[in-house]
Amino acid sequence: MGLRIVVFLAVLVVVTGSPTVTIRPEAASEDTSAHPNSLPETAEETETPGQQKVSIVEELEEDVMATGKLNPNHYPAQRAAKVVQHYLNTRYGSPYRVFFLHRVHSGNAEDVADSGRKYQLEISVQDLISTNTEKCSAEVLFPGGEQQRSPHVQASCEELRKIDTKAQEEALYQQYKTNPSLLAAHLPDSYGHINPEMKPFWHLGAVASSFIMLNESTENTLFNMAQVANVTQLATENDQLRFDYHILLHEMVSQDIIHWKLQVSWSPSGGVKVLQMEQLPHCHHCEKPPNTN
Amino acid sequence: MINSVGLGFVVLLSAMGAATIERAEYDYYRYHPMPEIFKWMLQIAEDHSDLVTIVNYGLSYEMRTISLLKIGLNTGEKKKAIWMDCGIHAREWIAPAFCQYFVKQILQSYQTDPKMQEMMKNMDFYVTPVLNVDGYIYSWKDNTTRLWRKNRSPGPSGCDCYGTDLNRNFDANWGTVGVSFNCCSNIYCGSKPVSEPEAQAVADFVGRRKDDFLCFLTIHSYGQLLLVPYGHPNFTASNYDELMKVGLAAADAIKKVHGKNYTVGTSPDILYPNSGSSRDWARMQGIPFTYTFELRDDGTFGFKLPENQIQPTCEEAYQGALHIITHAHDKTFSSAVATAAATLWTMLVAVGVTCATQM
Chain H
1 MGLRIVVFLA VLVVVTGSPT VTIRPEAASE DTSAHPNSLP ETAEETETPG
51 QQKVSIVEEL EEDVMATGKL NPNHYPAQRA AKVVQHYLNT RYGSPYRVFF
101 LHRVHSGNAE DVADSGRKYQ LEISVQDLIS TNTEKCSAEV LFPGGEQQRS
151 PHVQASCEEL RKIDTKAQEE ALYQQYKTNP SLLAAHLPDS YGHINPEMKP
201 FWHLGAVASS FIMLNESTEN TLFNMAQVAN VTQLATENDQ LRFDYHILLH
251 EMVSQDIIHW KLQVSWSPSG GVKVLQMEQL PHCHHCEKPP NTN
Chain W
1 MINSVGLGFV VLLSAMGAAT IERAEYDYYR YHPMPEIFKW MLQIAEDHSD
51 LVTIVNYGLS YEMRTISLLK IGLNTGEKKK AIWMDCGIHA REWIAPAFCQ
101 YFVKQILQSY QTDPKMQEMM KNMDFYVTPV LNVDGYIYSW KDNTTRLWRK
151 NRSPGPSGCD CYGTDLNRNF DANWGTVGVS FNCCSNIYCG SKPVSEPEAQ
201 AVADFVGRRK DDFLCFLTIH SYGQLLLVPY GHPNFTASNY DELMKVGLAA
251 ADAIKKVHGK NYTVGTSPDI LYPNSGSSRD WARMQGIPFT YTFELRDDGT
301 FGFKLPENQI QPTCEEAYQG ALHIITHAHD KTFSSAVATA AATLWTMLVA
351 VGVTCATQM
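Note that the protein sequences, when read in sequence, are chains H and W. Going by full-length UniProt numbering, the first sequence opens with residue 1, and the numbers climb by one from there. Going by full-length UniProt numbering, the second sequence opens with residue 1, and the numbers climb by one from there.
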């Protein structure tokens with residue numbers, strides 16, 4: 001037991017870039033009656049540079065992620081459903097339309113080829129602005145393999161009811177097209193407040209973030225946008241408004257705050273596009289004055 | 001005889017009335033920086049000196065006092081107790097706001113509600129409005145520090161980052177799951193179990209009185225969850241079924257207030273596995289009803305919950321907490337409310353008489 005602890009502590013120290021490692025010590029017989037629907041989580045395998053894959057802990061029970069019918073309240077279905085939220089925002093989001101996961105009604109998961117995982121979900125999403133809720137059926141595929149790749153999503157919603165946002169979108173577009181002057185920071189501020197005039201740009205930030213959050217999502221993450229740190233408008237190009245966004249994402253499992261810079265374009269007809277994206281390293285060293293030894 | 005009783009009672013009521021007017025000046029529906037919270041604590045203790053004392057039970061890394069409000073009727077006997085702490089994670093501002101609201105609410109309720117009167121007679125409430133004082137103050141520093149989570153102790157030598165995640169630092173399957181040993185991580189569990197003074201303060205204070213505590217409620221945000229022990233997927237609490245039953249009923253009570261859904265379950269089921277949490281530690285001490293509250297919202301605003309949501313969040317969370325506390329109380333003190341109320345009435349009258357005879 002002591003040796004195992006030493007082994008996996010040593011592995012943890014060497015692992016780079018991976019903020020969280022889920023480890024399970026030797027499994028005692030589990031009280032399965034207490035957890036009727038979910039199966040024990042598999043031990044993650046971590047690769048250390050120059051060494052073979054080290055399997056941290058062997059499971060006495062089946063080494064599987066929750067498979068088959070899922071408990072909709074448990075995290076596997078919830079995390080997959082969150083991915084659907086991100087997807088819907090990339091496809092349908094705008095400064096006047098942002099979706100949020102409202103409820104997971106049911107879910108199913110299975111292993112697929114090349115260690116991928118496929119989820120089928122029935123969920124409801126809510127439009128943040130109109131507060132309308134929609135039911136959606138969705139499929140989320142988390143590709144397997146050693147390199148982390150983005151999930152693939154298919155979703156169909158009842159009617160993606162078009163509360164007519166066209167007029168508002170057009171008005172916003174015209175206002176900022178001719179005079180590209182937007183400059184804003186801290187949406188929301190520390191007290192959760194957003195200036196009403198700036199709300200569409202907070203929404204736009206949330207939609208743009210969804211592209212990143214979709215790309216970065218795995219079965220082991222849950223992303224939300226924490227804040228628009230700042231947004232600057234660039235010159236309009238090809239009739240698209242363009243913006244530089246500095247966005248903070250919150251990843252729930254690691255509890256990390258992740259900084260991204262995005263270049264975003266938008267018009268009512270063109271929709272939201274992310275032209276460039278760059279993760280910013282969070283400057284831990286910025287906490288101390290730069291000139292101290 | 002009747003005149004002096006009535007007079008004593010009037011004195012009692014007017015004293016309570018005066019206290020209400022004082023309290024109305026504090027805005028419970030805005031976020032307050034630490035100095036204001038501490039001032040509020042002093043005011044509450046002064047306004048309700050019959051029920052409230054401040055207990056300083058530790059020092060943070062940066063040498064700030066960690067304080068709680070002990071609230072209950074002084075019966076001169078050893079009493080059962082309820083623990084509530086808020087703000088173990090600095091950026092979760094709605095949590096300290098809730099602790100302050102909770103204190104206001106139980107003191108207010110005490111004036112008119114026989115059930116609360118009974119509970120204050122039988123139990124003491126220990127409420128820590130801000131546990132991670134250094135972290136909370138740091139999160140108020142400027143726009144770049146608002147999302148700080150951990151405490152402010154420096155990292156081990158060789159690591160430039162600050163802070164240990166206090167909710168991974170308790171001696172409960174410490175360092176096994178859902179943690180990082182990278183000191184820059186937001187879930188860094190510290191150099192060893194209870195390495196952090198803030199965690200030590202709780203462990204010492206509660207540990208010394210662990211047989212007295214019926215409830216240990218630790219308040220966080222966000223996610224709208226009620227988490228039951230344990231954070232480690234291999235361990236199930238011996239009273240899991242009861243914890244779930246009471247938790248689900250509490251979530252129902254929450255939903256009745258403003259329609260918000262709170263999911264109930266163990267952390268490994270509904271959120272993520274973790275170890276070293278204060279809730280797990282408390283349960284391992286034998287405290288039967290231990291819950292982590294994750295308050296609003298669902299991620300829309302996350303840690304930066306708008307101030308206009310403070311009131312509804314506190315109102316719903318209060319009903320949830322009250323349900324758990326009431327259940328724990330009633331299980332321990334099985335006398336009928338009517339009998340208890342009668343006993344209390346007699347006691348209040350006796351106090352009134354004492355006041356009258358002292359005038």
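Everything labelled a hint here was simulated from the structure, so no lab data went into it. Careful: at least some of the hints might be erroneous.
[Said to hold, decoys possible] The calculated lysine-lysine pairs, modelled on DSS-like cross-linking and capped at a C-alpha distance of 25 angstroms, are:
#, chain 1, residue 1, chain 2, residue 2
1, H, K135, H, K166
2, H, K118, H, K69
3, W, K260, H, K199
4, W, K121, W, K255
5, W, K141, W, K192
6, W, K255, H, K135
7, W, K121, W, K79
8, W, K104, W, K121
9, W, K121, W, K78
10, H, K273, H, K261
11, H, K261, W, K141
12, H, K177, H, K273
13, W, K80, W, K256
14, W, K245, H, K69
15, H, K135, W, K260
16, W, K141, W, K121
17, W, K255, W, K115
18, H, K135, W, K256
Violating hint indices (sorted, rising): 4, 5, 13, 16
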